[in-house]
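*Asks:* Sequence:
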Amino acid sequence: ENAGPWGEFKFFGEGGEASTAVPPLSSDRVRHDGEIVAMVIADTYEAAREAAYKVQVAFEEERPSATLESPGTEIREAAEVNPEHEDPSIGNIEEGLAQAAVVFEAEYRTPAQHHNPIELFATTCVWNGDELTVYEPSQFVVGMKNGLARQLNAEPAKVRVVSRFVGGAFGSKGSLTPRTAIVARAAQQIGRPVKLVVTRDQGFTIATFRAETRHKVRLGAARDGTLTAYGHEAWELTSRPDNYVVGGNKNSVAMYACPNIATKVHLVKADRNTPGFMRSPPEVPYMYALEAAMDELAVALDMDPVELRRVNDTDKNPATGAPYTSRSLMKCYDEASRAFGWERRDPRPGSMRDGDWLIGWGCATATYPTQLAPAAARVRLSADGSVRVQIASHDVGTGAYTVIGQMAAEMLGAPMSKVEVQLGDSELPPGTVAGGSVTTASSCSAVMMASEAIRAKLLGAEGGRIENARLVRPSGQSEELAKAFDRLGVGTIEEYAEYTPKGSKPGAVAGLHNGRPGIVGGPTKDSTMFAFGAEFVEVRINARTREIRTPRIVGAFAGGRIMNTRTARSQYLGGLIWGVASALHEATEIDPRAARYVNDNIAEYLVAVNADIDQVEIIMVPEVDEKVNPAGVKGIGELANVGTAAAVANAVYHATGKRVRDLPIRIENVL
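Following my numbering, the numbering of the sequence shown begins with 24 at its first residue and continues without gaps.
No lab work stands behind these hints, which were simulated from the structure alone.
Wrong hints could be hidden among the right ones.
No more than 27 angstroms apart at the CA atoms, straight line, and that leaves these computed lysine-lysine pairs for BS3-like [unchecked claim]:
| id | residue 1 | residue 2 |
| --- | --- | --- |
| 1 | 525 | 506 |
| 2 | 33 | 218 |
| 3 | 528 | 650 |
| 4 | 339 | 239 |
| 5 | 528 | 33 |
| 6 | 292 | 33 |
| 7 | 218 | 77 |
| 8 | 287 | 218 |
Estimated spans, in silico, between C-beta atoms of each pair [to be verified]:
| id | residue 1 | residue 2 | range |
| --- | --- | --- | --- |
| 9 | 54 | 79 | 15 to 25 angstroms |
| 10 | 627 | 74 | 26 to 36 angstroms |
| 11 | 589 | 499 | 17 to 27 angstroms |
| 12 | 547 | 142 | 29 to 39 angstroms |
| 13 | 78 | 566 | 48 to 58 angstroms |
| 14 | 479 | 215 | 42 to 52 angstroms |
| 15 | 95 | 142 | 44 to 54 angstroms |
| 16 | 592 | 407 | 29 to 39 angstroms |
Computed from a predicted model, the values in this text were never measured in an experiment.
All residues carry an ideal CB built from backbone N, CA and C; glycine is no exception.
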């Protein structure tokens, strides 16, 4: 009651920044377990925790609807509640199934999952008069600045968000959670800085999560493996107040040639906190269902799974007819299968064994749309050859400081030791959200444009390059950089540039300044832009204990121009390890009677650890794609974890002959 009047809380799924459209502390009705009902402020963390434990909350209990199957949920078609969602369909699915020599149909399920970054969610708010500075790990400081200003009825120019190092995020810090507005209002009311650090269990409900999904997949194929029909119907969980649509069908339909496709996405509204982004939000559940089904179809056809994908390879999106800017999927399969030794695979389930260990080999496609977003950058070159880059982008542990600095260093001929990169401050030129794998391509494109403007001032119409603090003309003549600056009568040259990707809506950059990310790309009406990979997994299952191990993983990936092989390899490694965890460990368990998370801690929420991972081999397949963006870069941060769960599930079937369609796959599933 003393939180004061709020402004607009616009849900991120409807073009806003907020993780939910429901303002905090605005109603006496509790909508889900973990909803914030009060905040206690004290001089020390310990005193605040003790006081919070003493708060008594009285409420009337109602029976919640907790899961996809719970009574009382509300089911809506995604296309009805989200005008931007489309269910791609072409041809006639029933005719395609009737024409097929083999028809396969099955249901697959993926569980709720939580990000669980090691550091706890934290927010610090400091007021100086009517100006607010927020220190909070964020994947979108510009969006947070504008969204928070609207929530507090403040001027955006009076709000600053600082997040120079984000730490683990994986999507959990991509939207503006209600806690920030509460902390800001509290700091304003008491006239002192306020810092909030939530507990581990509170992190499960204070931010978003990956919602559980259910998929019904139908495939029809001719005897040679050519697809005649692909049907994909999905059910996704969301909260009562917010319509969060994952909608991965727009990407899964682009994978393989097929003349008859029918898809449909349903939302199941339950009494849970609102889900949201988690590494590869649409691709992980939808591609798991498709790639597991493709393996089952290969078994039904008595066909090698790799060859089934080769038969149905395509150079265009079958749902739109738009050509791929580049597609190196089968090159990835060729490289990965060769390194894995796929030709030695005995296709009979349970036929490969090493003592007490049943051996299974599986494969699956990894893919992620190449998405782009508007971005701005300011680059300054000094006479001594030093460079400063400013952009309100973010480093979520992926090495953004390094790769953005590399682009400036390459363009301006400077060693990395003389390049300073400033990120993570909403006072800098606006960068895009660190999500959708857009950071490198979008930020580097803006930096490239600003750097090109600097070179044009120094080199003029004749052109050339900057190398080792010298201007090098096409004729071979060179000039010291310092002398060129003296000739121009300046000590520094600074340029500001705004990058607008092809396909952006009018006013996209202006929208970015106002906190609208404006992401475009992937499957569009004119082109189809994706990065691809092929993943091969060996599982070993103990014949006596049914313990499941993954001693060997090989992934080959084609992601356009690779800015930094070291950071790219790290992303691929992390993605594959994450995928193993999704397949064998990760699941948020829900008490259906109370709609509460019961394993809301990192002791019982299982993830892969060192003992679970052995050999992981990464292969980077060279790929040139000059159509995607000026830098030729495709996003790879969310690519590698897309196909892994299906590859593991397919390997489990090969080892045991038992098909497990619900994730995660644990010992009890293969007894």
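*Asks:* For each hint, tell me whether it holds in the structure or not.
*Replies:* Cross-check of the supplied hints:
1. With a C-alpha separation of about 39 angstroms, the suggested pair residue 525 and residue 506 falls outside the 27 angstroms cut-off, and the hint is violated.
2. Proposed proximity of residue 33 and residue 218 is supported: the alpha carbons are some 24 angstroms apart, at most 27 angstroms.
3. For a cut-off of 27 angstroms, the pair hint linking residue 528 to residue 650 stands: about 19 angstroms separates their Cα positions.
4. A hinted pair counts as satisfied when its Cα atoms are at most 27 angstroms apart, and residue 339 with residue 239 qualifies at roughly 25 angstroms.
5. This hinted pair checks out: residue 528 and residue 33 have alpha carbons roughly 20 angstroms apart, not beyond 27 angstroms.
6. Simply put, residue 292 and residue 33 have alpha-carbon atoms about 19 angstroms apart, close enough for the 27 angstroms limit, and the pair holds.
7. For the hint linking residue 218 to residue 77, the alpha-carbon distance of about 20 angstroms falls within 27 angstroms, and the restraint holds.
8. Proximity of residue 287 to residue 218 is assessed by CA-CA distance (about 44 angstroms); at most 27 angstroms being required, the pair is judged violated.
9. Checking the proposed 15 to 25 angstroms range against residue 54 and residue 79 shows it holds: the Cβ atoms sit about 20 angstroms from each other.
10. For residue 627 and residue 74, the Cβ-Cβ distance of about 28 angstroms falls inside the hinted range of 26 to 36 angstroms, so the restraint holds.
11. Between residue 589 and residue 499, the C-beta spacing of about 34 angstroms breaks the proposed range 17 to 27 angstroms.
12. Between residue 547 and residue 142 the beta carbons are some 37 angstroms apart, a value that agrees with the proposed interval 29 to 39 angstroms.
13. Checking the proposed 48 to 58 angstroms range against residue 78 and residue 566 shows it holds: the Cβ atoms sit about 54 angstroms from each other.
14. Roughly 50 angstroms separates the CB atoms of residue 479 and residue 215, a value that falls within the hinted 42 to 52 angstroms.
15. About 37 angstroms separates the C-beta atoms of residue 95 and residue 142, a value inconsistent with the hinted range of 44 to 54 angstroms.
16. For the pair residue 592 and residue 407, the beta carbons lie near 34 angstroms from each other, so the given range of 29 to 39 angstroms is met.
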